[in-house]
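Colleague: Required output: the full structure, derived from the provided sequences and hints.
Chain by chain, the residues run as shown.
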Amino acid sequence: MFAVLLEQTADGQRYIDWLVSGLGWTLALAFFGWWIAFAVGVVVGIGRTVQNRAVAALARLYVEIFRNIPVLVQMFLWYFVLPEILPVALGNAIKQIPPPWGSFFPALVCLGLYTAARIAEQVRAGIEALPKGQVEAASALGLSGYLTYRHVIVPQALRLIIPSLTSEVMGIYKNTSVALTIGLMELTAQARQISEATFQTFTAFGAATLVYLALALIAYQGMALIDRAVRIPGTGRGEDAIEPAATHAIQPIDSLPDAMEVVK
Amino acid sequence: MNSLDFSVVLQAWPYLWSGLLFSLALTAVAFVVGLVLGTCLALVQHFELPVLGRLVRGYVALMRSIPLILVLFWFFFLVPIVISHLGGGGRPVPIGATWTAFITFGLFEAAYYSEIIRVGLRAVNRGQFEACQALALSTFDTYRSVILPQVLRVASPIILSQTIILFQDTSLVYVLSLTDLLGAASKLAQLNGRLVEMYLVIAVVYLAISSAASQCVAFLRKRYAIAGMRR
Amino acid sequence: AVDSPTLARIKSNGAITIGHREASIPFSYLGPDQKPIGFSLDLCAAIVERIKAETGLTSLKVNYVPVNSSNRIPLIQSGTVDIECGGTANDRKRQEQVSFSVATFVSQPRWLVKADSGLKTAGDLKGKTIVVTQGSNAVGFAQGVNAKEQLGFNIVQAKDHAESFLMLNTGRAAAFMEDDILLAGLKAAAPNPDALIFLPEGYAKIYYGLMFTKGDTGFKALVDDVLSKQMASGQFEKTYAKWFTRPIPPKNENLAFPLTVELTERIAHPSDAVD
Amino acid sequence: MVTVENLVKRFGHFTALNDVNLTVAAGEKIVLCGPSGSGKSTLIRCINHIEKHDAGRIVVDGIELSDRMTDVNVVRREVGMVFQSFNLFPHLSVVENCMLAPMKVRGLSRAEARERAIGLLRKVRIHDQANKYPGQLSGGQQQRVAIARALCMQPKIMLFDEPTSALDPEMVKEVLDTMVELAKDGMTMVCVTHEMGFAREIADRVVFMDRGCIVEEADPEAFFRAPRTERARDFLGQIIH
Amino acid sequence: MVTVENLVKRFGHFTALNDVNLTVAAGEKIVLCGPSGSGKSTLIRCINHIEKHDAGRIVVDGIELSDRMTDVNVVRREVGMVFQSFNLFPHLSVVENCMLAPMKVRGLSRAEARERAIGLLRKVRIHDQANKYPGQLSGGQQQRVAIARALCMQPKIMLFDEPTSALDPEMVKEVLDTMVELAKDGMTMVCVTHEMGFAREIADRVVFMDRGCIVEEADPEAFFRAPRTERARDFLGQIIH
Ligand SMILES: Nc1ncnc2c1ncn2[C@@H]1O[C@H](COP(=O)(O)OP(=O)(O)OP(=O)(O)O)[C@@H](O)[C@H]1O
Ligand SMILES: Nc1ncnc2c1ncn2[C@@H]1O[C@H](COP(=O)(O)OP(=O)(O)OP(=O)(O)O)[C@@H](O)[C@H]1O
Ligand SMILES: [Mg+2]
Ligand SMILES: [Mg+2]
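If you read the protein sequences in the order shown, they are chains A, B, C, D and E. With the working numbering applied, the first sequence covers 1 to 264. With the working numbering applied, the second sequence covers 265 to 495. With the working numbering applied, the third sequence covers 496 to 770. With the working numbering applied, the fourth sequence covers 771 to 1011. With the working numbering applied, the fifth sequence covers 1012 to 1252.
One thing to keep in mind: the hints can contain errors.
[Said to hold, decoys possible] In silico SDA-like cross-links for lysine to any residue, where the CA-CA straight-line distance does not exceed 25 Å:
(1) K822(D) x N389(B)
(2) K654(C) x L130(A)
(3) K95(A) x S612(C)
(4) K943(D) x F1235(E)
(5) K486(B) x L130(A)
(6) K654(C) x S282(B)
(7) K822(D) x Q397(B)
(8) K132(A) x D1065(E)
(9) K1184(E) x G234(A)
(10) K615(C) x T755(C)
(11) K643(C) x E591(C)
(12) K1143(E) x L225(A)
(13) K132(A) x I162(A)
(14) K746(C) x Y407(B)
(15) K132(A) x S1047(E)
(16) K621(C) x I46(A)
(17) K588(C) x Q200(A)
(18) K1184(E) x D938(D)
(19) K530(C) x Y279(B)
Since the hints were made in silico from the structure, they are not lab data.
Modeller: Pasting the structure below:
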């Protein structure tokens, strides 16, 4: 069924080479986009929870804007509109970046910042889901705001949101496919191109689907590994924890983190 | 680029409006279908039914692993074939891009809603199940009257924010050449060459609708929170 | 009188369903009041008149259904649309699925570039970035030209024609390859049409036709007869002039696309041959 | 009323109940006590078949509980249960909490169920809160609603699992008073509790458990004055500071 | 050591503390009691400036707490606090819990902090668990770690907010024993607790609060035998069943 992938293309390669190069762009976009998203997301997420009104408002504005416009439209804005509103020289320099880099960088920034808004919400939810007592205990020990975030709040919040970060990881790698709208020939675009060149629709999309599935599996397993590696002893399900008999009485009825979102 | 000219947007407003209506209709249908089907899928997993449970888990995992664009492509080619097989005929019955979009989004969202509801089901305190057992409620009554109402309430903010994402994702129907808000804008742009203005305007429209919806969610949550129930 | 399943269906429904495009200037697109207008629709109007006469219906209802490049063939096959009045290229592969009328237009892929770019021939594109639209047959053309003539340009694929055109306009791409008439439409609609010019090269000829269900010879004969009579009487050329050489809605620009030699030839000898 | 014979209950490899024997006569009030993890909750949950036992017999109101029984709800209908953590339904108002099971299980009409619910809420002195939601009530009030909810099914026996241990000290009394009243009405009761005053006042028998076994059964006065076994002595020493 | 004068604290329109006056001398041990919602927690949280007061003065160790103070941590360093719900940092091991603040706030080196932490964990008899995580300990053990953590900052005064009320009955004693020992070492202490045995044993004074006011201050013997005010009498009647 996949034999067609080994046939020659018009430009002298084989179709499978198209797929492989598509995979490369998908991976590069997802990987580097993720680190942008994570770094910006954690900072903005913390910004959402601080006392300082101006910072919190800015962080909120960021989240509202980047979360509420479809990625597809954001891609367009980064690619077409940004160079036009920059100083002419800079704009022209950006436009002269040869393909595929000319599409790759806007896509990277777009995906990174879009996902960052979503991660920021997770981080905020994680921080807000921590018992108030943690902050109080830290204050009572004389820890400053910075130290409290650094040593008490952020380490716990990040652990708490690992499951939802998993869906963000899956989300960013799937959203890479939207980059095809600004001409980046990533995996889905290549599959589509193969399908149009060979009329072997099922083969082309089948191959791409299998690759995406494999990637999802890897992402998922990787996150599960991280989750296990950073899990706090004594908090795992059915581990060696002694269940303090009184705590199940004071546990909340619903321990679903507020902004736990499933993303695509 | 030439200076911006937003007057074309004003002239084209009726067409954009019909595109927006399509986006909203697609969102609404996918929401209803997705939620009903998603609840069923979640229950199947929750009950750990032997074969069906695995199938459903596989389906959900599959849907969550593939980009929506690819899913749309798949359904566009698959749905006609599946329907023709169901109908017994040999020739694929083309059902049109509109139906494809409705079916795809419904089935696709079902996977996401089912995950949300499944997590919600897990988050219900075990004591609630035990109290139902102790009161001799049947399984049906337990879920119908006690568990699902709580799950839907607890999960409603997440369900609604997923729906807002869904609304944004409807923009991807451009791959089926359908005329949603974005499709209307880009088709008009082809007539009048004002793509940048069009995109800026619809970015604002999406932003306004999605933000308003999330403010609404926050408001409703406060307004209709079960008195005294946490959150 | 004419033995045709399509006509029979139209007669029993009392209505004909016409498929149209939404942005295929000047063949078939939405006018200022979002109603379909265009060259192909004018041709179809004559066909509708003829059908009315043929079926003896005093009032024939005309339904308009928007179609796009991916659903137009399925919609014809399923009978949802009786006849597509768009700008659809007739080729061998499509003939296996549907039937076409005699050619109503001839186009060829060309390069559109900015006038101030200094590009004179396709050879000047060496090392430049050029744009084509995803899913268009120009993608294959461009790749073929690149390989055959060793031009070594970079190909970007934009999401739709509007974006391809925008890439050209904003200087992201040096040239845009598409069917000449499509480019002419985009050019005419641009804020400053004179800033864009065609390169002299043209590639393979592409014949457009009206599209309808395969195997209905009676219907095809009717359609071809209407068109041939118009071509013989000079009515066809009047309609052509109205859409291609005079200002048209929505912005009253002029495509300035006079009759080509190839089309003149087909008007003299109506035919649905594709080469 | 309840007969438990040679009951064994395991969780995986861990034996939570090991050869437990207990009989409760109609109208009898039993207080179960013992250290944390000794199996008190497990025992009463087995009586209600919320946990399935692994060996031994449990007969409730003449019906034997076993895996083969077609409808365990026949038994559960006759057994009321009150939990440490109340387990009220947070999305239903107080009176709806009480009406749900009678309507769905006993087939009462809405009006009948409401009437009965209001009656029992009055009995636990909380009918003025009938339209509030559980989250708006104090712990003591919630626990009294839980008792009323169980009573609405008109059970023949009531099981209590540490009903006061999640409560603030001032609220313990209102709940215990309700239970004392219930006891005086002649209800058959099995209570897990460490409230010694309560045990003294109403228990016919105190049953002391440790590590899954019943270690001592005695008259409450005798038990608190001078427990026979060392383990019970240790335990009492710990909980009475 | 601590002087509270005309303290007022409001939450929105609700006045949680109304004109409260209290002095605690160095080395003194005070037990605060009163019904739920009477403002006990709020009072000791104000002393630690976890809640900001609306009017009145609070002076701790010679420093007045006010909004204008540049660094409230200067005061907090000298005040240790133990919460009802332990509030240990779950992601740090027991010894790391104790080391964090001394290292970051007092600037101790890792080795010094560890040494001090181990010393104090030994004092609360839990040094053998030093490398476990809070989730692996029982409630009583966790609360003792919380006490050790507070002591690691070498505070001049310790505040306790119902340190035993989230514990199983058998674990209460181990925590109270630790607190008694601490008292005997001469620590200045303010404890919110309903453990009357403990109050009798160590309190220099019992302070009874109700509805945001201090209603009665007395010697513990006198207070438990015969409270002067009616409200205190009611309260004691309720919590002693
Ligand atoms: N679902 C379960 N899975 C595994 N072990 C369990 C389960 N339920 C109870 N156990 C174990 O069985 C033993 C008895 O538990 P049970 O809850 O009956 O004790 P208890 O006497 O009620 O204690 P407490 O006073 O803390 O409520 C405990 O060691 C507990 O850890
Ligand atoms: N953050 C807050 N916002 C609003 N009201 C509050 C807040 N904290 C406390 N209160 C109110 O202030 C009053 C005093 O509360 P406080 O916690 O001091 O009581 P307490 O005596 O410690 O009670 P308990 O014994 O239940 O701990 C209560 O009525 C409470 O509802
Ligand atoms: Mg128990
Ligand atoms: Mg308190």
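Colleague: Against each hint, give a clear statement of whether it holds in the structure.
Modeller: For each hint, the structure was consulted:
1. K822(D) x N389(B): Status holds; Cα separation ~20 Å.
2. K654(C) x L130(A): violated (45 Å)
3. K95(A) x S612(C): holds (15 Å)
4. K943(D) x F1235(E): Holds, at roughly 19 Å.
5. K486(B) x L130(A): Answer holds: K486(B) to L130(A) is near 21 Å, not above 25 Å.
6. K654(C) x S282(B): With a Cα-Cα distance of about 22 Å, the restraint between K654(C) and S282(B) holds, given a limit of 25 Å.
7. K822(D) x Q397(B): holds (13 Å)
8. K132(A) x D1065(E): holds (21 Å)
9. K1184(E) x G234(A): holds (24 Å)
10. K615(C) x T755(C): Distance ~22 Å between K615(C) and T755(C) Cα, so the pair holds.
11. K643(C) x E591(C): violated (29 Å)
12. K1143(E) x L225(A): holds (22 Å)
13. K132(A) x I162(A): OK: K132(A) and I162(A) at ~20 Å, within 25 Å.
14. K746(C) x Y407(B): Measuring from Cα to Cα gives roughly 61 Å; hence the hint is violated.
15. K132(A) x S1047(E): Satisfied, since the Cα-Cα distance of roughly 20 Å is no more than 25 Å.
16. K621(C) x I46(A): violated (51 Å)
17. K588(C) x Q200(A): Measuring from Cα to Cα gives roughly 14 Å; hence the hint holds.
18. K1184(E) x D938(D): Measuring from Cα to Cα gives roughly 18 Å; hence the hint holds.
19. K530(C) x Y279(B): holds (10 Å)
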